[in-house]
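**Student:** This is what each chain is made of:
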Amino acid sequence: MSPLNQNLVSPWAKKSLSFLIWMSPLFSLGIFFPLGVLCAFPRTFSVRKKALSVIWIYLFSWILFFPVEMFHRSSLDSEMFINEFLKDETTVSAIKGAFVLFVGILLFINYVHSSFRQSARNKIRQIKLETNSPGARLRNGNIIRDTKFDTFLLIFFLALLLSFGFQVLIEKINPPNPHNPMAALAGIYQFVFNYFISTAILLLTFNKSKTPSLFSAFLLKYQTGIRLRETWKQKAEKSEKFSFLNEMEVKKRAVFRERLLPGAGHIFLEDYWRGFPFLFVGLLLWLFFAVWSFSFLSPVFGIQFLGSMGLKPGIPDKDFFVASQNVGYLVITILALTFTYVYSMSLLNKSFTLENLGYRKSVESDIEPIFVSGLRKGFRNILPVSLLFHLIILSLVFVIPISIQRNASKKNNSADKSKHFQPDKMEFYFIDPNIPEEMKGLNGGVITGTDTTNKEQGEKISNEKTADNGPKAGYIKKIRGKKVPPTYSNYISAKMRIPESYMEYWAKAPHPYSSVVSYTITQDGDIIDIELVEGSNFPDQDRLTLELIESLAPMIPPPNTEGDIRVTELFWNGPIDPNFVPTPLQKEMVHMFDGRYMEEVSE
Amino acid sequence: MSELKIEIWDYILGTLSVFPWAYAIYKSYTLPKSRNIKIGIIFGLLLGWVSTVLIIWLHPLLWPQTDFVPKKKVSLLTSTAHLAFIQAGMMEETFKISFILFLSFAFGFDYETKKFKTESVLFAGFVALGFSLVENTQYIAREISDKKIEIFLARTIHSSNIHLLINLCFGFFMLKSNVKLGKDRISFLTLALGLAILQHGVVDFLLIPGAVFGQWIATALFVGIWVWVVRDWRTWITNQIEDKKTLIPASEYSSQS
Chain A
1 MSPLNQNLVS
11 PWAKKSLSFL
21 IWMSPLFSLG
31 IFFPLGVLCA
41 FPRTFSVRKK
51 ALSVIWIYLF
61 SWILFFPVEM
71 FHRSSLDSEM
81 FINEFLKDET
91 TVSAIKGAFV
101 LFVGILLFIN
111 YVHSSFRQSA
121 RNKIRQIKLE
131 TNSPGARLRN
141 GNIIRDTKFD
151 TFLLIFFLAL
161 LLSFGFQVLI
171 EKINPPNPHN
181 PMAALAGIYQ
191 FVFNYFISTA
201 ILLLTFNKSK
211 TPSLFSAFLL
221 KYQTGIRLRE
231 TWKQKAEKSE
241 KFSFLNEMEV
251 KKRAVFRERL
261 LPGAGHIFLE
271 DYWRGFPFLF
281 VGLLLWLFFA
291 VWSFSFLSPV
301 FGIQFLGSMG
311 LKPGIPDKDF
321 FVASQNVGYL
331 VITILALTFT
341 YVYSMSLLNK
351 SFTLENLGYR
361 KSVESDIEPI
371 FVSGLRKGFR
381 NILPVSLLFH
391 LIILSLVFVI
401 PISIQRNASK
411 KNNSADKSKH
421 FQPDKMEFYF
431 IDPNIPEEMK
441 GLNGGVITGT
451 DTTNKEQGEK
461 ISNEKTADNG
471 PKAGYIKKIR
481 GKKVPPTYSN
491 YISAKMRIPE
501 SYMEYWAKAP
511 HPYSSVVSYT
521 ITQDGDIIDI
531 ELVEGSNFPD
541 QDRLTLELIE
551 SLAPMIPPPN
561 TEGDIRVTEL
571 FWNGPIDPNF
581 VPTPLQKEMV
591 HMFDGRYMEE
601 VSE
Chain B
1 MSELKIEIWD
11 YILGTLSVFP
21 WAYAIYKSYT
31 LPKSRNIKIG
41 IIFGLLLGWV
51 STVLIIWLHP
61 LLWPQTDFVP
71 KKKVSLLTST
81 AHLAFIQAGM
91 MEETFKISFI
101 LFLSFAFGFD
111 YETKKFKTES
121 VLFAGFVALG
131 FSLVENTQYI
141 AREISDKKIE
151 IFLARTIHSS
161 NIHLLINLCF
171 GFFMLKSNVK
181 LGKDRISFLT
191 LALGLAILQH
201 GVVDFLLIPG
211 AVFGQWIATA
221 LFVGIWVWVV
231 RDWRTWITNQ
241 IEDKKTLIPA
251 SEYSSQS
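Chain order of the listed sequences is A and B. My numbering numbers the first residue of the first sequence as 1 and each following residue consecutively. My numbering numbers the first residue of the second sequence as 1 and each following residue consecutively.
Derived from the structure by calculation, the hints contain no laboratory data. Any given hint could be a false lead.
Distance condition first, Cα-Cα at most 35 Å in a straight line; then the derived DSBU-like pairs of lysine-lysine [as the list claims (entries may be wrong)]:
hint: 1; chain 1: B; residue 1: LYS115; chain 2: A; residue 2: LYS377
hint: 2; chain 1: A; residue 1: LYS235; chain 2: B; residue 2: LYS114
hint: 3; chain 1: B; residue 1: LYS27; chain 2: A; residue 2: LYS210
hint: 4; chain 1: B; residue 1: LYS147; chain 2: A; residue 2: LYS508
hint: 5; chain 1: B; residue 1: LYS5; chain 2: A; residue 2: LYS96
hint: 6; chain 1: B; residue 1: LYS33; chain 2: A; residue 2: LYS238
hint: 7; chain 1: A; residue 1: LYS208; chain 2: B; residue 2: LYS27
hint: 8; chain 1: B; residue 1: LYS5; chain 2: A; residue 2: LYS508
hint: 9; chain 1: A; residue 1: LYS208; chain 2: B; residue 2: LYS33
hint: 10; chain 1: A; residue 1: LYS233; chain 2: B; residue 2: LYS27
hint: 11; chain 1: A; residue 1: LYS15; chain 2: B; residue 2: LYS148
hint: 12; chain 1: A; residue 1: LYS14; chain 2: B; residue 2: LYS147
hint: 13; chain 1: B; residue 1: LYS148; chain 2: A; residue 2: LYS14
hint: 14; chain 1: A; residue 1: LYS87; chain 2: B; residue 2: LYS148
hint: 15; chain 1: B; residue 1: LYS147; chain 2: A; residue 2: LYS233
hint: 16; chain 1: B; residue 1: LYS27; chain 2: A; residue 2: LYS235
hint: 17; chain 1: A; residue 1: LYS233; chain 2: A; residue 2: LYS15
hint: 18; chain 1: A; residue 1: LYS377; chain 2: B; residue 2: LYS183
hint: 19; chain 1: A; residue 1: LYS241; chain 2: B; residue 2: LYS176
hint: 20; chain 1: A; residue 1: LYS172; chain 2: B; residue 2: LYS147
What follows is a set of in silico ranges between Cβ atoms, one per label pair, in the way DEER data are often shown [as the list claims (entries may be wrong)]:
hint: 21; chain 1: A; residue 1: PHE538; chain 2: B; residue 2: ILE12; range: 22 to 32 Å
hint: 22; chain 1: A; residue 1: PHE81; chain 2: B; residue 2: LEU61; range: 54 to 64 Å
hint: 23; chain 1: A; residue 1: GLN325; chain 2: B; residue 2: LEU61; range: 51 to 61 Å
hint: 24; chain 1: A; residue 1: LYS172; chain 2: B; residue 2: ARG142; range: 46 to 56 Å
hint: 25; chain 1: A; residue 1: ALA186; chain 2: B; residue 2: GLU150; range: 14 to 24 Å
hint: 26; chain 1: B; residue 1: VAL202; chain 2: A; residue 2: TRP62; range: 24 to 34 Å
hint: 27; chain 1: B; residue 1: THR15; chain 2: A; residue 2: PHE538; range: 24 to 34 Å
Each residue gets a CB set at the ideal place from its N, CA and C atoms; glycine is no exception.
Same shape as in the complex, but just chain A:
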């Protein structure tokens, strides 16, 4: 037995690892734990095939659902279209049923495939047996489970039960949010994912050491590559020679990985200090490529895409909107991505030159050592790390977490204020796609909060009658100033939607909840002086409210004002009814547009 086939992992460790692999989606370890298993246990095939199946399920689900999710986020029309389509329970059941049928067909093909292979194997055995011992009968005690029809049925139906169990567990740990506009789509995704995982668990558990027939050829080919690499590594450590043809086999596999993602080939050769920087540079550039492409189609789409990952543009909205229409950024990203692929591939190829492998005398002294850990000296070794470092810095400028505010701008730059780009039409900048269609322009009210019983109270508020929009100037915090047109208020409401949705602000809010928060929007679009004017009895939710406000920055500067804007805002999740809120201030604010009062603060 080859030492590479030796069982180095104890049975209990294998069982524990298998459990953690199957549970990694539930334990929020996602695709990363299975990937870690592939790196940490190169020789333990029984564990690796489980890790691979979870990775495949993730990839398959993403390929299937990511385009639909992007379509959902692309515009209000598409969101409404999908949600309307999935409103009907029978449609949802039909989609889920189609997936179950698809898995059932796959399982059946696997059963048929396995049966054919088994009978072919039996024929060969029978011929050999008749040649060697004529008249003897073939013993076939260990029938592969895949070949049994009852195993196929058992897996098919038991998987439904198991996925139901997963569903219950997930809902217990992380209750679904009915206010999430993605709820219907997420429900289907969750079902499909759970059913796939359940099927994989049962299929690989019932088959024990055998791989599912349908995938065995691929899995064995994959593991052969890993085994070749491990053998080469062992030989390299002992300074022994490795067959040239096998080296070329390893190269073929490394190049294949490199084509998929830059750096993956280097990681395959365990050159981590080169591979991981290239991989992260590549992934970051793919992210930038997606952001610029989506933003070029529609800036709202770009922001929504970032919002789906809990990110937002690190530059003010107005700059982002202008930059997103500049195709130059997209071109630069594509060029950078191409350079990363080409350079990473050329470095990988250097490891497999005849000179480097010792088959031809090297004229230069730039030999690439194989299977040497650690960061090596030299330009080509430092460059990937340096590229990654600089790209991370650049990324932090353009993309930041949704809950983080950047205080980049400084006060008293009134000279710059005059240079501020003030849009002719504010509508262009209202980023929320959820504004109802029947509203002309964006001067109408958008109701925030949930469980609003009387939606009519969120009707249009006229631009002319600004005085109707709140208490008399200077009532709150005794700051006097002129009123701000409600359109800017609309913008704040719209901007607030993304973090509200991402932070599940209203889903987490206790019932009833009400608090008043005050904050200042500067002429640079920063949010400062956040203050809890009236807290609730729920400090956690109050803290979330403050984080929600902080996450709004950077904003478009308040239009047509010379000073900063002080906003006082009521957050509540009940009806527009003064009796619902406890304090006099809240009773008054409940009738204001979006519970928000704004005034200009003189400097």
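Use these hints to put chain B onto chain A, whose structure you have.
**Tutor:** Frame of chain A, contents of chain B only:
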């Protein structure tokens, strides 16, 4: 601030949150476990406990609790960085690693050859688990009853594990320092402490703002540290059994450092 009331169920859940990992590293340590090692493990758990108690005691002195009043111009970025790198990373790791070194010098150091013994890694792991046990119990006790299971799962999978992995990583650095001498060795171990603070800080920093993207990177880092520890474990512990049959120890020609 009112005294935190910890019930028996909180202690049970806290213990359960570290038990799987304690069992895993104890069972994975395939080298013979002498009486000294077993005593060291128990002391490790106790010292982990002591380090949490010390931090809880020191915390209000270093960062006095104030009322929940919003601050002016407070940036979440700054507060997150402070919380992740200073309050959590530096404080916790410094205390834990001080106790790990203390315990290793008491039970896991060969004063003749001036080398750390392999069991130092085990002590490092158990100090981390002792620390997690108390920390998890506190977090579980603070949570409302509906969310206790949710926090228990999160603490079991992520928090206990990351404490354990960071300290195991430091434990391996102690073994790797055996080939260094004098000042080199001290700076090597100081750098290892710095790495532990950095590991703790970066993972916490990415997790605290709650962005999915940050969670992906934090989980990737977490798994990365796990892979590092698994490979080091194989080199420094599992292969020691094989080394007995060979002349050259595996650790001499293969290292992740």
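**Student:** Give a verdict on every hint.
**Tutor:** Against the structure, the hints come out as follows:
Using a Cα cut-off of 35 Å, the hinted pair LYS115 (chain B) and LYS377 (chain A) holds, with the two alpha carbons roughly 30 Å apart. Between LYS235 (chain A) and LYS114 (chain B) the CA atoms are separated by roughly 33 Å; this keeps the pair inside 35 Å, and the hint holds. This hinted pair checks out: LYS27 (chain B) and LYS210 (chain A) have alpha carbons roughly 28 Å apart, not beyond 35 Å. For the suggested pair LYS147 (chain B) and LYS508 (chain A), the alpha carbons sit about 12 Å apart, so the restraint of at most 35 Å is met.
For the given pair, LYS5 (chain B) sits about 47 Å from LYS96 (chain A) by alpha-carbon distance, which is inconsistent with the 35 Å threshold. Only pairs whose Cα atoms come within 35 Å are accepted, and LYS33 (chain B) paired with LYS238 (chain A) is accepted, the gap being roughly 32 Å. With a CA separation close to 24 Å, the supplied pair LYS208 (chain A) and LYS27 (chain B) stays within the 35 Å bound. Pair hint LYS5 (chain B) plus LYS508 (chain A) holds up; C-alpha atoms about 25 Å apart against a cutoff of 35 Å.
The suggested pairing of LYS208 (chain A) with LYS33 (chain B) holds, with an alpha-carbon distance near 33 Å, which does not exceed 35 Å. Proposed proximity of LYS233 (chain A) and LYS27 (chain B) is supported: the alpha carbons are some 29 Å apart, at most 35 Å. With a C-alpha separation of about 27 Å, the suggested pair LYS15 (chain A) and LYS148 (chain B) falls inside the 35 Å cut-off, and the hint holds. Restraint check for LYS14 (chain A) and LYS147 (chain B): the C-alpha separation of about 31 Å stays at or below 35 Å, so the hint holds.
In summary, the hint linking LYS148 (chain B) to LYS14 (chain A) is supported, as the alpha carbons are separated by about 30 Å, within the 35 Å threshold. With a C-alpha separation of about 34 Å, the suggested pairing of LYS87 (chain A) with LYS148 (chain B) holds against the 35 Å cut-off. This hinted pair does not check out: LYS147 (chain B) and LYS233 (chain A) have alpha carbons roughly 48 Å apart, beyond 35 Å. For the hint linking LYS27 (chain B) to LYS235 (chain A), the alpha-carbon distance of about 31 Å falls within 35 Å, and the restraint holds.
With a CA separation close to 27 Å, the supplied pair LYS233 (chain A) and LYS15 (chain A) stays within the 35 Å bound. A distance of roughly 25 Å separates the Cα atoms of LYS377 (chain A) and LYS183 (chain B); the hinted pair therefore holds under the 35 Å criterion. The hinted pair formed by LYS241 (chain A) and LYS176 (chain B) meets the criterion: a straight-line CA distance of about 30 Å does not exceed 35 Å. The suggested pairing of LYS172 (chain A) with LYS147 (chain B) holds, with an alpha-carbon distance near 10 Å, which does not exceed 35 Å.
Between PHE538 (chain A) and ILE12 (chain B) the CB atoms are about 28 Å apart, so this pair conforms to the stated range of 22 to 32 Å. A hinted range of 54 to 64 Å holds for the C-beta pair PHE81 (chain A) and LEU61 (chain B), which are about 59 Å apart. Against the hinted window of 51 to 61 Å, the Cβ-Cβ separation of GLN325 (chain A) and LEU61 (chain B) comes to about 55 Å, which satisfies the hint. Between LYS172 (chain A) and ARG142 (chain B) the Cβ separation comes to about 20 Å, which falls outside the hinted range of 46 to 56 Å.
ALA186 (chain A) and GLU150 (chain B) have their C-beta atoms about 19 Å apart, which keeps the hinted 14 to 24 Å range intact. Judged by the Cβ atoms, the range 24 to 34 Å given for VAL202 (chain B) and TRP62 (chain A) holds: they are separated by roughly 26 Å. As the Cβ distance of THR15 (chain B) to PHE538 (chain A) is approximately 31 Å, the hint placing it in 24 to 34 Å holds.
Of the numbered hints listed earlier, those contradicted by the structure are 5, 15, 24.
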